[in-house]
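Enquirer: Read top to bottom, the protein sequences are chains L and A.
Going by this note's numbering, the first sequence runs without a break in its numbering and finishes at 474.
Going by this note's numbering, the second sequence runs without a break in its numbering and finishes at 474.
None of these hints come from the bench; they were simulated from the model.
Predicted model only: the values in this text are computed from it and were never measured.
Treat the hints with care, since some could be wrong.
Pairs involving identical chains hold if they fit within one copy or between any two copies, as the list cannot separate such chains.
[To be verified] When the alpha-carbon atoms are kept at most 16 Å apart in a straight line, the in silico EDC-like pairs for lysine to aspartate or glutamate are as follows:
#	residue 1	residue 2
1	K226	E424
2	K226	D176
3	K439	E414
4	K112	E405
5	K439	D402
6	K112	D65
7	K439	E232
8	K280	D298
9	K280	E43
10	K112	D187
11	K112	E424
12	K226	E326
Number of protein chains: 2
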Amino acid sequence: MIPSSDTPAPPRPRPEAAAIAAVREGLEARFGNRLTTSLAVREQHANTLSWAANQPPDMVFFAHDVDEVAAAVTLCARHGVPVIPYGAGSSFEGHTNAPLGGLCIDVAAMDKVLAVHAEDLDCVVQPGVTRKRLNEHLRDAGLFFPIDPGADASIGGMTSTRASGTNAVRYGTMKDNVLALQVVLPDGRVARTGTRARKSSAGYDLTRLMVGAEGTLGVITEITLKLQGIPEAISAATCPFPTVRAACDATILAIQSGLPVARIELADAAQVQAINLYSKLGLPETPMLFMEFHGTEDGVREQALRFGEIAAELGGGPFEWATAPEHRTQLWQARHDAYWAAMALRPGARTLATDVCVPLSRLAECVEETQRDIAESGLVAPIVGHVGDGNFHVCPVVDPDDADEARRLQGFLERLVDRALAMEGTCTGEHGVGQSKMKYMEREHDAASLDMMRAVKRALDPANIMNPGKIIRL
Amino acid sequence: MIPSSDTPAPPRPRPEAAAIAAVREGLEARFGNRLTTSLAVREQHANTLSWAANQPPDMVFFAHDVDEVAAAVTLCARHGVPVIPYGAGSSFEGHTNAPLGGLCIDVAAMDKVLAVHAEDLDCVVQPGVTRKRLNEHLRDAGLFFPIDPGADASIGGMTSTRASGTNAVRYGTMKDNVLALQVVLPDGRVARTGTRARKSSAGYDLTRLMVGAEGTLGVITEITLKLQGIPEAISAATCPFPTVRAACDATILAIQSGLPVARIELADAAQVQAINLYSKLGLPETPMLFMEFHGTEDGVREQALRFGEIAAELGGGPFEWATAPEHRTQLWQARHDAYWAAMALRPGARTLATDVCVPLSRLAECVEETQRDIAESGLVAPIVGHVGDGNFHVCPVVDPDDADEARRLQGFLERLVDRALAMEGTCTGEHGVGQSKMKYMEREHDAASLDMMRAVKRALDPANIMNPGKIIRL
């Protein structure tokens with residue numbers, strides 16, 4: 001297991017029992033059993049997909065609207081009790097752990113799509129709406145929300161972690177697709193951080209300050225999102241390459257030449273091997289790219305064919321592509337199964353999903369060095385990458401009871417981050433910091449930037465009640 | 001003239017003469033005549049394109065590198081002297097005025113393109129590089145920087161005002177195109193707000209906090225920008241429409257259907273009339289759209305033809321389009337001349353360029369109500385719009401010596417902002433707040449959001465030395 005020293009205690013005391021009791025009684029009086037102290041519920045809300053030790057909150061409140069969230073935060077502010085916002089619980093880095101206890105506010109029931117403005121290509125949703133449900137809701141209007149992190153995450157959580165995923169190369173990340181937010185501030189007041197205008201120069205960008213703040217500056221209670229028209233046509237394609245470098249070079253050439261690729265995903269040879277085992281396929285066990293193109297019928301054909309030419313120049317092939325939905329699904333099946341295929345490599349083992357991001361020109365080098373490191377560390381760790389962004393995931397599959405393997409894993413993770421930072425990259429492209437990557441913040445950011453972050457946090461949450469012990473050591 | 005009550009004094013005293021002298025002597029000793037107190041230079045740096053009264057700084061320093069900027073800011077911090085960053089001086093809202101005097105730091109000589117990373121589609125520039133010079137520099141590499149606010153603004157200034165312009169509908173605004181910044185903080189320390197990774201979830205988004213902060217949180221000394229490959233082909237098009245609404249509806253349909261239009265500009269009938277007079281053209285004096293499409297040869301042909309079909313459905317036409325550079329230039333000439341044509345409507349008069357932005361579905365209504373208001377106010381004020389974003393400019397042409405006209409103008413400007421805000425829009429889509437739009441901040445943002453902005457400003461610049469008296473009343 002990852003040593004618990006990874007999750008330092010935040011610099012404020014745990015609240016007194018009386019403070020916890022005051023919040024509990026206040027919420028119970030008003031909301032009855034929507035405030036629970038059940039251990040099972042608390043543990044489930046603490047930490048689902050992370051390796052960090054489970055640190056449950058003292059209580060969980062299932063909120064139904066912004067007024068209830070504001071009432072709960074106000075009560076917590078009065079008594080100095082930590083507040084941990086909770087959406088779908090699909091984050092990876094211990095974001096929802098409660099190292100100081102406190103109140104977890106579960107917003108999953110705030111799952112209404114409040115408005116869809118088709119002419120403006122935007123919508124307003126509550127934070128508990130998941131991306132899949134949103135896209136089901138939008139389908140009849142001919143619209144879609146492009147950010148796809150894989151998991152059926154909540155929009156609130158995706159906003160809080162600055163999520164992105166497979167479509168980001170074309171449509172950007174949450175940072176680029178949130179127009180405005182409604183937020184309950186640490187003092188319980190409700191703020192709207194923007195309007196539905198597509199752009200504004202009217203003051204500090206509070207929206208972007210909240211996007212990626214991981215619940216440390218407030219609780220997001222409403223999100224206004226940009227939408228896209230469902231493309232008239234989609235083409236999908238796959239192409240094996242002799243090396244990771246050839247696959248990356250093909251990606252660079254495609255993007256440089258303005259090919260508006262919507263998704264371009266890399267699976268390394270280890271990942272393809274895992275997929276073959278899991279899905280009983282016979283793919284060539286070399287690095288492979290999965291692509292998707294969005295546009296008109298003619299446009300997506302042209303894009304696919306152009307990419308095929310670029311791939312051939314770099315020794316890739318056979319290049320396969322399709323526009324019919326069933327054939328597209330078939331081509332992408334292997335990519336969709338990647339996570340489960342990795343898990344299946346060692347039944348009973350645990351996986352840890354981590355991510356780093358580097359400039360595109362350094363991606364091949366970073367992935368290849370990482371592969372060597374994996375081999376030298378004696379680990380099993382397939383790699384998949386959002387290669388158009390220089391972002392890749394390593395998914396070590398580890399025996400949780402093998403202390404030596406855990407030690408080797410820990411060393412590998414440290415080197416992975418150092419490697420990305422040395423290549424002008426970042427310790428996380430899309431998963432966020434949470435607890436588990438806090439220690440890397442000092443490596444990635446200079447002292448003056450860290451002080452800026454601390455100053456902002458202290459200014460907006462002077463009592464440090466909002467998700468304490470996350471992102472940055474105060 | 002716009003009453004000077006528009007520009008309230010910021011809540012801190014003017015520095016003592018001794019403090020000014022200490023900064024002046026310190027900089028003179030080190031930099032000689034790169035520190036100047038010439039009145040002409042000071043007035044030129046205060047306020048170039050705004051109607052706000054000229055408020056010159058006490059002195060102007062021509063900085064050559066980040067160390068010099070840091071030295072100057074450190075000195076100002078020690079003595080409590082205001083710092084006003086200055087790039088090309090092309091901002092509209094009194095951003096560079098010095099209501100409390102202080103030191104203007106002119107970074108125009110920091111005009112180096114420090115690095116171009118063609119494979120990563122990014123570059124690193126100093127703040128004094130102008131966008132035209134950057135694009136000249138990039139041309140041979142087959143790259144371009146898409147943000148085009150019209151003026152040949154400096155990249156530092158464009159970053160500070162969150163500028164955008166004609167290409168934003170396709171390529172986003174400065175917010176979307178700045179990867180990272182180097183900033184001299186109000187205490188003189190130098191911070192880097194990000195890396196060259198295309199995306200990151202590693203902590204608060206300091207980059208976006210600085211973009212649009214108008215120099216109130218620090219001096220930008222280096223900018224890492226996203227770039228685009230120069231498209232293989234460009235098509236340009238124009239189309240007159242019977243009404244503003246028909247032009248806006250055509251735009252909405254095009255965007256909804258996923259047509260990746262690169263520029264789509266509206267000129268209203270008054271603007272077309274002005275163009276006809278100025279450029280001796282015979283355009284039909286009805287609302288007109290100017291478009292540009294970027295892509296492959298086939299792609300831009302398809303896009304232009306599709307738009308032509310949409311325009312015809314909505315009663316627009318004749319639709320003209322071209323791909324040859326000289327023909328494209330000819331089609332767009334009228335749009336390029338718009339500002340000069342407006343100026344020429346009343347020789348000797350002054351123009352005021354203002355902007356608001358509303359959701360696209362409200363744009364036609366907002367423009368039409370604004371046109372009625374212009375007529376009823378007895379003003380001359382052509383309108384051009386970045387119609388794909390819902391952003392439009394009104395360019396009143398006013399006799400500066402006519403007090404009654406100035407009064408009518410003032411009332412009109414107030415109503416323009418109120419109209420945009422009532423339609424879920426913003427008081428400025430791209431020009432920024434500066435001094436002149438400070439009074440609208442309370443109308444646009446709720447009290448909690450304004451308090452967040454104040455808290456951030458106070459936390460990062462507790463002595464309020466950075467461009468005081470801009471954006472927000474403290």
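Enquirer: Hints first: check each against the structure and report whether it holds.
Expert: Going down the list of hints, with the structure as the test:
1. K226 <-> E424: between (30 Å within a copy, 15 Å between copies)
2. K226 <-> D176: Both ways: K226 and D176 sit 8 Å apart in one copy and 14 Å across, limit 16 Å.
3. K439 <-> E414: Result: close within a single copy only, 10 Å intra versus 50 Å inter.
4. K112 <-> E405: neither (45 Å within a copy, 50 Å between copies)
5. K439 <-> D402: So K439 and D402 fail the 16 Å test inside a copy (24 Å) and across (64 Å) alike.
6. K112 <-> D65: within (10 Å within a copy, 52 Å between copies)
7. K439 <-> E232: Classified as neither; 46 Å inside a copy, 45 Å across copies.
8. K280 <-> D298: neither (34 Å within a copy, 41 Å between copies)
9. K280 <-> E43: Neither. Shortest intra-copy (37 Å) and inter-copy (75 Å) distances fail the 16 Å Cα cut-off.
10. K112 <-> D187: Neither way: K112 and D187 sit 25 Å apart in one copy and 46 Å across, limit 16 Å.
11. K112 <-> E424: Answer is neither: 40 Å inside a copy and 21 Å across each miss the 16 Å cutoff.
12. K226 <-> E326: neither (28 Å within a copy, 36 Å between copies)
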